[in-house]
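*Asks:* Each chain, written out:
There are 2 protein chains.
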Amino acid sequence: MPDRIRDHAGHGATTVAARRRRLRADRARQLADLLRHQILTGGFPDGTVPHETILGTDYRASRNTVRQALDLLRTEGLVDRLPGVGTVVVARKYPHGLDRLMGLAETLREHGRVTNEVRTMAPAPAPAPVAERLQVPPGADVLCIERLRSLGGLPLSLDLTYIPLDIGTRLLGADLENTDVFRLLEAVTGRSLGHAEITLEAVNADAHSAAVLQAPRGAALLMLERLTHLVDGRPVDLEFIRFRGDRITMSGLLRRSL
Amino acid sequence: MPDRIRDHAGHGATTVAARRRRLRADRARQLADLLRHQILTGGFPDGTVPHETILGTDYRASRNTVRQALDLLRTEGLVDRLPGVGTVVVARKYPHGLDRLMGLAETLREHGRVTNEVRTMAPAPAPAPVAERLQVPPGADVLCIERLRSLGGLPLSLDLTYIPLDIGTRLLGADLENTDVFRLLEAVTGRSLGHAEITLEAVNADAHSAAVLQAPRGAALLMLERLTHLVDGRPVDLEFIRFRGDRITMSGLLRRSL
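The listed protein sequences correspond, in order, to chains D and W.
The first sequence begins at 1 in UniProt numbering and counts up by one.
The second sequence begins at 1 in UniProt numbering and counts up by one.
Hints are computed from structural coordinates only; laboratory data are not their basis.
These numbers come from a predicted model, not from an experiment.
Glycine included, C-beta positions come from ideal geometry on N, C-alpha and C.
One thing to keep in mind: the hints can contain errors.
[Unchecked claim] For each label pair, taking beta carbons as the anchor points, the in silico distance ranges come out as:
1) R21(W) to F44(D): 38 to 44 Å
2) A18(W) to A18(D): 48 to 54 Å
3) I54(D) to G86(W): 28 to 34 Å
4) D175(D) to R255(W): 53 to 59 Å
5) P137(D) to L154(W): 39 to 45 Å
[Claimed, not checked] Derived contacts from chain W toward chain D, CB cut-off under 8 Å, selection only:
6) D26
7) H37
8) P45
9) T48
10) E106
11) H195
12) E201
13) L222
[Unchecked claim] Reference listing, derived: stretches of chain D covered by chain W, where coverage requires no fewer than 3 residues with Cβ under 8 Å from a Cβ of chain W:
14) 83 to 92
15) 163 to 175
16) 201 to 209
Extracted from the complex, chain D is given alone in its bound form:
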């Protein structure tokens, strides 16, 4: 039955080819992950990624794997290839701490100045889930603030903030363009912030958010939802923050036993 034999041989060849492709793709991704870590932690201090041949030797990878790995990082927007120069680091991701409750300007202080474009700032009736979480009567006004936050002139995040109105009104004249809401909340209440419940997700940017953040449509965003309480437990700040995935990382330390 030559047909069946041919079929079988053909199928076998396809499987071997598919397995090889898969192995190559796996290796490229694995190498890209290692290079990503180097990029994020400043492992290439002059901003230039070593030549493909050197990477091949250092990482025991074939030239094809090195190229595929660099292609992955280029698609992510972390590196670019410049004729006559080689592969250069083009994106910088800033580390946001996960160990302590801090505002953006506080946590990124050493990396530059955070500026805020206040897009909206007005009282509005709290939708039921907002009212419940901020412990205000349903339909009571809360202060809504929407800010586009930038570092070094480039958008970092789009933040929507809900604050109970008794505290919020005291923020109306404040310098929100240059000051973290956290710092202002502590100033106007005369109390420290205590803790926050946070939830992190990765989402694709919708067209409008992408445009505001100057990112491609569908760009991966790190989305942070955070309900912050004063030290006495009162919830005072509900935020929905969309970070550009190519500009921020969140780092922290976890322990096995609490």
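Using the hints provided, position chain W relative to the given structure of chain D.
*Replies:* For chain W alone, coordinates are given in the frame of chain D:
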């Protein structure tokens, strides 16, 4: 100068229209964020999102805003519209704790059984950055494990793990398909895990990772890099984990003072 006046008037009209569009888009995103929270926290227990009219009343939003918000959630793959039924919740995101160092099966125990497809498991020479972080000599073999992890039969994450070979060899006969690496590490070393340094990022899935995870190309992934140490401080497990953004959230509690 009628031309200039016309230009100016035209520009003014455009600006007003653009501002209206922007406001509508802002409101839709704000509503989508509130509905997302309800979806993620089981706020619609029967899996059906209330009718547009009810949402409009509850959230004081226009019908257009409600529709746009539901469209955003549909594009994200969280809800779908079923003829004759309405809008139903189709995606479920599982909460992964950020407060304690736990394996996936441990943290998701109440949500179902985590199964692992072991794609690769073999010793390989450690690239320099891996050797350095695992504190083994450069070029020494480490155990590489790549697993596709699923919950309820659907892919959750693609995990690449590097383990020093003296510990790794003891994992070679273990039941990796049904057991967390964390649990196995504690079993074979007879010691507890201590702490881990973690970094979280949002990245777009490359074509190959997307295919493996059965997600659309470019889908937002929550990427976790984690270096785990035994309780005596020895680093024993370097992992690169790509979670499907539509299937996982990370939740924790941050404090203002440490």
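*Asks:* Hint by hint, which ones does the structure fall short of?
*Replies:* Those not satisfied are hints 3, 4, 8, 9, 10, 14, 15.
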